[in-house]
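Enquirer: Here are the chains, one letter per residue:
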Amino acid sequence: MREHLVLIGNGMAGVRLVEEILERDPERYDITIIGKECYPNYNRIMLSNVLQNKMTVDEIITNPYTWYEENNITLINEDPAVGVDTANKTVTCEKGLKIPYDKLVFATGSHPFILPIPGSQKHGVVAFRTIDDTAEMMEAAGKHKKAVVIGGGLLGLEAAKGLQLQGMDVTIVHLAKWLMETQLDERAGKLLQGDLEAQGLKFLLEYATTEILGDERVTGLRFKDGTTIDTDLVVMSIGIRPAAELAREAGLEVNRGIVVNDFMETNLPEIYAIGECVEHDGKTYGLVAPLFEQGKVLADVLTGIEAKPYQGSKTFTSLKVSGCDLYSAGNIMDTEGMQSIEAFDGVNRNYKKVFIKDNRIEGIVLYGETADGNRYYNMMKKGQEIADLQSIAILQAAGEEAGSDDVVSWDDDETVCGCNGVTKGDIIRGIRDKGLTNVAEVGKVTKAGTSCGKCKPQVQTLLEHELGEGVTASTGICSCTDLNRDQVMTQIYAKHLTTSSDVFRELHFSNPEGCAKCRPAVNFYLNVAFPTEHKDERQSRYVNERMHANIQKDGTFSVIPRMRGGQTNPQQLLQIAKVAEKYSVPLVKVTGSQRIGLYGVKKQDLPAIWKELDMVSAQAYAKAFRSVKTCVGKNFCRFGTQDSMGLGIKLEERFEFIDTPHKFKVGVSACPRSCVESGVKDFGIICVENGYQIYIGGNGGTEVKEAQLLTTVETEEEVIEYCGALLQYYRETGIYAERTAPWVERLGFEAVKHILSDAAKRKDLIEALDVATAVKRKDPWHEIVGDRDIQEKLYSIDRRELVTVGD
Amino acid sequence: MTKKIFLTTADALLPQIGRSVSIGNQKIALFQLSDGRITAIEDYCPLTGGPVLEGTVSGEYLYEPLRDYKISLLDGRIQDLDEGQLKVYELLLEDGDIYLKGASI
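Heads up: the sequence lines are chains A and B, in that order. Numbers 1 to 807, taken from our numbering, label the letters of the first sequence in order. Numbers 808 to 912, taken from our numbering, label the letters of the second sequence in order.
No wet-lab data here; the hints were simulated from the structure. Among these hints, one or two may not hold up.
Said to hold, decoys possible - What follows is a set of in silico ranges between Cβ atoms, one per label pair, in the way DEER data are often shown:
1) A/434 - B/810: 45 to 51 Å
2) A/123 - B/875: 42 to 48 Å
3) A/334 - B/890: 52 to 58 Å
4) A/703 - B/902: 34 to 40 Å
5) A/245 - B/875: 47 to 53 Å
6) B/810 - A/703: 54 to 60 Å
As the list claims (entries may be wrong) - With a Cα cut of at most 27 Å, we get these calculated DSS-like pairs of lysine-lysine:
7) A/447 - B/908
8) B/894 - A/603
9) A/602 - B/894
10) A/517 - B/894
11) A/793 - B/908
12) B/877 - A/456
Glycine included, C-beta positions come from ideal geometry on N, C-alpha and C.
The whole structure should be built from the sequences, with the hints applied where relevant.
Expert: Structure, rendered in structure tokens:
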């Protein structure tokens with residue numbers, strides 16, 4: 001009979017241990033996992049991404065219920081262990097279940113520390129540790145305005161940023177003199193604070209909270225100096241303490257955490273502990289990498305493999321807040337005998353400090369540019385002497401720095417992915433033995449790069465080093481080819497290729513008809529290269545562009561007619577209302593770009609609706625010149641300096657229905673108050689008394705990017721000229737599906753500016769644009785409304801009944 | 808006796824673009840491949856729970872639109888993950904008319 005292994009705790013450390021055991025010897029144990037929460041195992045570190053709307057709860061589930069079933073693991077969820085009888089070897093759960101064990105593992109994690117001050121039990125005071133906490137914070141954000149986060153550490157800052165993105169006004173209260181004081185030195189802490197303040201977060205440093213105010217629900221905080229602040233939500237993020245109560249009651253030795261030796265054994269036989277609940281060599285850990293290292297040791301022990309003793313972990317930290325890259329590892333205290341090498345680039349807000357003792361790296365703080373973090377970290381882990389290395393190089397030419405390439409020269413036991421404890425050797429073995437050919441596959445098999453993702457460039461470097469041309473996905477435009485955009489484009493011109501099938505054949509794509517990634521890309525490139533010869537390939541267009549409507553999640557579509565400059569009139573509104581009523585459109589909504597959208601339209605109704613609306617498409621579904629957002633301008637607004645709406649309409653009339661590598665959004669504001677948010681548009685205008693400021697490369701989406709000032713011009717005609725030139729230059733050089741922000745970054749803002757500042761070049765670009773789009777600038781809806789054949793073939797649904805027909 | 812059900816005519820299909828036919832509450836996606844062959848597959852991906860009709864056709868494969876899973880239009884198997892299969896229907900072609908073999912429903 002198999003031995004029964006019982007694991008108390010269904011979190012990251014415990015479940016990773018089980019995975020490690022299953023990998024070594026899947027038949028060894030009958031396994032039972034006891035958990036408190038009502039979810040399968042999830043990646044707690046990613047909760048801040050959920051709060052920041054970057055991921056969903058489903059996406060952070062690492063082991064779904066099916067994983068437990070497939071591996072014959074009994075999961076007792078929402079029923080925490082409340083007692084351990086070490087004499088009779090049983091665990092008792094809250095609901096009375098008694099489970100016998102042969103081996104017992106504590107992976108009970110930790111509790112968030114709650115300040116022992118009056119009011120800390122009030123409604124609206126939460127910790128940030130579980131899915132439920134996160135849900136509570138998101139719910140509060142929906143109802144309330146103001147939030148305070150107590151604690152300016154890693155988790156507190158991520159919580160604050162998340163709440164801000166949920167629409168709250170957030171203040172961070174921190175006891176120390178600077179943020180993340182245990183991971184950052186003062187200078188890096190202040191840099192971080194400055195960048196976060198620029199993003200709109202507020203800080204109260206060196207403030208001690210003494211009381212939480214309010215009746216049932218929190219209304220404010222009182223500080224030691226007697227001052228108060230109003231708030232509707234308090235998030236406590238001031239640290240954790242090991243959850244070791246159950247172990248203590250069971251008679252295990254407990255200091256701060258459950259005391260374990262180098263083999264994760266407690267003082268009692270057959271009982272082990274790992275994760276945040278343990279204390280090893282006087283240290284407790286609250287980061288993920290040590291938990292995984294401990295899990296590996298214990299998995300060896302439990303499967304009878306000779307284990308290397310656990311010798312403690314060197315940890316590192318990075319912060320998951322856009323625009324604030326930091327990296328910290330090791331000992332960063334200026335203690336006796338500690339020296340440091342420091343480099344501060346105030347222009348680019350980059351800061352590097354390496355702490356040195358006895359000629360070896362002891363600690364690392366990086367802010368801004370953090371690519372070197374892993375390299376220093378491995379030097380620190382290895383104890384490498386630094387005497388031979390150049391300490392600082394200022395204004396190096398691009399490409400000279402060591403960068404991520406040197407991962408190739410690392411030893412196999414050096415860690416590439418610190419979050420998941422994946423070594424270079426693990427990745428190399430995966431590539432060689434399992435035939436992995438891209439970063440995503442390496443992640444699936446080894447887990448490298450699947451937590452914070454910062455090591456993905458190094459994984460890519462290893463793939464390239466191992467496979468050369470055999471690497472898929474990231475070098476080529478898709479997995480059908482190793483050629484990148486520029487190579488494909490060059491060949492299209494050189495060989496004068498005018499159809500997709502020519503491209504796939506002549507350039508030896510592995511898929512003779514391409515895939516869903518390269519098909520629309522190649523169609524676009526051909527369109528740019530040979531606009532008059534290439535015939536648009538409807539079957540290569542993504543569904544939205546093929547149907548000229550945005551597909552919704554249930555298979556219905558949306559209809560968004562064009563209202564140039566956001567201007568409409570009573571006739572249009574009546575028409576839209578009539579159509580919405582006649583076709584029982586489930587949702588009518590004003591869109592983010594000042595248009596009116598009809599949502600939930602049935603596919604077969606699309607042509608009729610377009611016909612009855614008698615308006616043209618806003619192409620709100622296309623990679624194309626989109627709507628121009630405008631403010632009302634000087635004809636009505638007291639602050640307006642120019643006719644922004646008029647200019648917006650002119651721009652739209654001039655450039656609508658032009659395809660671009662990705663969507664191209666435009667805004668015209670009549671004054672620097674910028675009501676239309678021109679600062680985050682691909683092409684943004686801010687009108688001033690003496691002319692028009694032109695900004696380019698802004699993005700308000702996933703990664704917010706501020707547009708950069710290209711120039712100031714005096715007339716509307718010049719604005720239109722610059723817009724056309726930019727459009728064509730972007731079309732000619734952009735990678736399909738690349739927004740202007742990364743495009744500007746890739747080409748270099750100065751390089752783009754140089755081209756566009758040249759009047760002769762602008763003229764050429766506009767001429768090229770006009771030639772390319774002369775025949776193609778058409779409203780797609782009218783084409784379809786006038787083409788019965790296409791209506792029938794593309795939009796109709798045949799309905800048949802089951803009728804028996806004699807054969 | 809075999810039953811057959813008229814679906815649509817071959818000239819109502821656009822190459823490499825799906826056409827939707829429903830029989831009762833079964834939704835079927837018809838495709839004409841680049842070599843002219845016509846296939847029929849259930850318009851429901853078991854992995855995404857969504858329709859496949861609007862996907863991209865390449866050779867005898869379909870990249871479904873929600874998560875880009877590659878599905879064989881000949882046997883319905885989902886390729887990359889090696890798991891999951893969509894129902895494929897047998898067709899009869901007569902004088903440019905497309906029929907479903909009754910037995911395959």
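Enquirer: Now look at each hint and say whether the structure bears it out.
Expert: How the hints compare with the structure:
At roughly 48 Å, the beta carbons of residue 434 of chain A and residue 810 of chain B sit within the given window of 45 to 51 Å. Taken as a hint, the range 42 to 48 Å holds for the pair residue 123 of chain A and residue 875 of chain B, whose Cβ atoms sit roughly 44 Å apart. Here the CB-CB span from residue 334 of chain A to residue 890 of chain B is close to 56 Å, well matched to the stated 52 to 58 Å. Distance hint check: the CB atoms of residue 703 of chain A and residue 902 of chain B are about 56 Å apart, inconsistent with the given range 34 to 40 Å.
About 48 Å separates the C-beta atoms of residue 245 of chain A and residue 875 of chain B, a value consistent with the hinted range of 47 to 53 Å. Distance hint for residue 810 of chain B and residue 703 of chain A: a CB-CB separation of about 56 Å, consistent with the stated range 54 to 60 Å. With a C-alpha separation of about 47 Å, the suggested pairing of residue 447 of chain A with residue 908 of chain B is violated against the 27 Å cut-off. With a C-alpha separation of about 24 Å, the suggested pair residue 894 of chain B and residue 603 of chain A falls inside the 27 Å cut-off, and the hint holds.
Simply put, residue 602 of chain A and residue 894 of chain B have alpha-carbon atoms about 25 Å apart, close enough for the 27 Å limit, and the pair holds. Taking the CA atoms of residue 517 of chain A and residue 894 of chain B, the gap is near 25 Å; set against the 27 Å cutoff, the hint holds. A hinted pair counts as satisfied when its Cα atoms are at most 27 Å apart, and residue 793 of chain A with residue 908 of chain B qualifies at roughly 23 Å. In summary, the hint linking residue 877 of chain B to residue 456 of chain A is supported, as the alpha carbons are separated by about 25 Å, within the 27 Å threshold.
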